[in-house]
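Enquirer: We have chain A; now place chain B onto it with these hints.
There are 2 protein chains.
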Amino acid sequence: MAEGLTPRGQDFSRWYNEVVRKAQLADYAPVRGCMVIRPYGYALWENIREELDERFKETGHENAYFPLFIPISFLEKEAEHVEGFSPELAVVTHGGGKELEESLAVRPTSEAVIGPMYARWIQSYRDLPVLINQWANVVRWEMRPRLFLRTTEFLWQEGHTAHATRREAEAEIQRMLDVYADFAENMAAIPVFKGRKSKRETFPGAAATYSIEAMMGDGRALQAATSHDFGQDFARAFDITFQDADGELRHCWTTSWGLSTRFIGAIVMVHGDDRGLILPPRLAPIQVVIVPIWKDEEARSAVLEAVRKIEAELDGLSVKVDDRENFTPGYKFNEWELRGAPLRIEIGPRDVAARQAVLARRDVPGREGKEIVPLDNLSDEVRRTLDAIQQALYQRAQQFRDSRTAEPEDYAAFTDAVAEGFARAWWCGGAACEQKVKDETTATIRCIPFEQPAAGGKCIVCGKSAEQQVIFARAY
Amino acid sequence: MAEGLTPRGQDFSRWYNEVVRKAQLADYAPVRGCMVIRPYGYALWENIREELDERFKETGHENAYFPLFIPISFLEKEAEHVEGFSPELAVVTHGGGKELEESLAVRPTSEAVIGPMYARWIQSYRDLPVLINQWANVVRWEMRPRLFLRTTEFLWQEGHTAHATRREAEAEIQRMLDVYADFAENMAAIPVFKGRKSKRETFPGAAATYSIEAMMGDGRALQAATSHDFGQDFARAFDITFQDADGELRHCWTTSWGLSTRFIGAIVMVHGDDRGLILPPRLAPIQVVIVPIWKDEEARSAVLEAVRKIEAELDGLSVKVDDRENFTPGYKFNEWELRGAPLRIEIGPRDVAARQAVLARRDVPGREGKEIVPLDNLSDEVRRTLDAIQQALYQRAQQFRDSRTAEPEDYAAFTDAVAEGFARAWWCGGAACEQKVKDETTATIRCIPFEQPAAGGKCIVCGKSAEQQVIFARAY
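Keeping their order, the protein sequence lines are chains A and B.
Residues 1 to 476 in the working numbering are what the first sequence spells out, letter by letter.
Residues 1 to 476 in the working numbering are what the second sequence spells out, letter by letter.
Extracted from the complex, chain A is given alone in its bound form (with noise of 0.2 Å):
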């Protein structure tokens, strides 16, 4: 256990903090609600993006910036956007020394200054399907702030689409959510579930929202990423119409889906341990870390040549060579475990005359996870070692997720489950009976899978007839 780092099982939260803060992830801002993302959380969140980037473009998308700065009418032009969102405006009263004649929201998400923008863009099926994405900064005010889970500003993509038809713009919904799925399953090792939203958790002005849920290791879950569903709302709110191939003027079908950095909130809770964190092989921005260990000045040179000899070979992945002078190797393995580098290379003098060295994986802290490799087999065997390390961060989150997820059959051992874990029960449909849950044990109705049973059941709360199983879950 590192130094000074709260057992996870004694203090989810206090661990949590602990992590991200010494790992040099992020700090607290001295603004409020507000984080500093360091240099190794953002090299974090490069990699995210860039995997992201690529998929979005893949499928067809353009990146775009649209402003900062909202002005309140036009949040008004959607009733339950604007009620949803004025809560948690940030408010620009003030520019160039004067009062404004119209105050300025800055932008909590951007459906309301791109519509106006797509109004003036679209005038015919063919400037569709408009497929745009924007990385961006956004503001939300937050009461009681935690680093990448709460902040009052974050980053994050919010892509925007405006599509001919209503089979189109579904299509977009389900394809992005499969690009979100499929990323936080095989980069950052992270199972989820996909599913629809109840009415009470959409985002506001939306006819639909899906998202994957994630748990996390204290069993509680976390929306990983939401894609949205506007029908033609937003394009009535905002006039977004184009003329068909029949001559007819028709509104716009339109969608938003996003993820943000609160997703790295979510990876330092899955696979983190009371050693620090666990990145994944394939998002963590440095993969292998290189140890060199001497005592004297000869043998020094020596493992010094052997390791920019190793370096060279590794070629292709993020590797770090710790060689600093006044740490010992020991707080330098601390170190490196705390932050969560999935492989570390170990090699001294003996290792360099027998021409082996040591492998030390991060997800199997301790002797049984180390391994003795000679330098000739080092490169195959240390990207065998990361992928084995990515399948096995997956395995191990599934396993904990299945054993945490119950499917009870009644209200007492449904208030025990969603104590511990993932509910998966029947649901009535009623907001009264969500409504109950929320109040009994602070638990929401996370999704309702996709993947439903064949029959219907009874509901857990009340005991009608239901149609749907859906997750009920204490969430981030």
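Be a bit skeptical, because a hint or two may be false.
Heads up, the list lumps identical chains together, so a pair's fine if it works in one copy or across two of them.
Said to hold, decoys possible - In silico DSS-like pairs for lysine-lysine, Cα to Cα no more than 27 Å straight-line: (1) LYS458 with LYS438; (2) LYS309 with LYS57; (3) LYS332 with LYS57.
None of these hints come from the bench; they were simulated from the model.
Expert: Chain B alone, transformed into the frame defined by chain A:
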């Protein structure tokens, strides 16, 4: 000349606005002073960002992210800094539905919010240097907005570094100025003067500001990037100290340096012509556009087959095949000339039969810039021609700048010179002479170039002895 495009010589400013909008680089936002960067313009920014980011990382810098909001009291810690930026601030007075106890500025630049973090992170000389860059949006209230050149919100990067010694800080400032100059000249094909700013033009709070200055197509100057020397002033204001190897507590030496989306305006204004944009091949989002030409269905499939082969051979280049129906080849030629794609490939049925294609250079419009190339040599010839275009754009810009840079002998010749371009002239260093030039000609001192004649001269304004030549120009 593109249809509906005002000729440059007739009204440069109007030409600029039309090109930026018609080429779909950017559009005015429905928010005062703000712009929307459209996908084509944003793709250009992404290329700029990627090139710079690589150079920043090669010189040892890491990216991070600091908060958008800066408490006004932070800005006030450095007197000149707050005085310089106060008139341009956007101010958040309400958050989360309540009036704030302390108003927050939307960052006009981030020294004042980064300073307190560096004060927290830096303890010992071992923590130095800190070499961090941030890609972000910033806001400076703008009364006379122009797309890319002056907008209330713009995108930029800002490097912020802290060093143990004056010498290291000064080396950093010059290193980054060199990075900018190298980028401008070798990637954007824009020749620049490197030099120091006069006190009047120095960044608020800086001990010295250095810049690269470019000449636009109308002879005016544009400051393309800056690098600031803060000495120990900001370190004193924000208490950024370190314990040196001798145990003494010392203040750091800090710097900052930045380049913004304004640079896109420079690319437009340096290279464009009466047909529209001309993008330098090394930054162009679309380097090669292929326009297949056919009349009947049979020809179409033969031509498209040849086009697919060409596209495959141009692997590694950014190629767009414009196979849109319902648009004539002539329409497409005009459109891609307007949008500045450096090289066009035209291919029709007779070309396919003759195993050839036509290359048309954007920088040499009309027959003179066309070349018939055998398909067997096409890939090499395209790459060679793109290089030739890159070089030609740079040479043309340099020749233009040289032809408009005068070394006037007297004040009358000087005023003529700054009406047309740059005047390189002796300056006594007096603020009164600088002010007189500004009042009478609107020209300002763009920079005091590093390269200076061996002997001194006489001030172009007052005739007193002068030790430095400076570049005067009217500026964007």
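Enquirer: Give a verdict on every hint.
Expert: Against the structure, the hints come out as follows:
no.: 1; hint: LYS458 with LYS438; verdict: within (19 Å within a copy, 82 Å between copies)
no.: 2; hint: LYS309 with LYS57; verdict: between (37 Å within a copy, 23 Å between copies)
no.: 3; hint: LYS332 with LYS57; verdict: between (39 Å within a copy, 24 Å between copies)
This entry satisfies every hint, going by the numbered hints stated previously.
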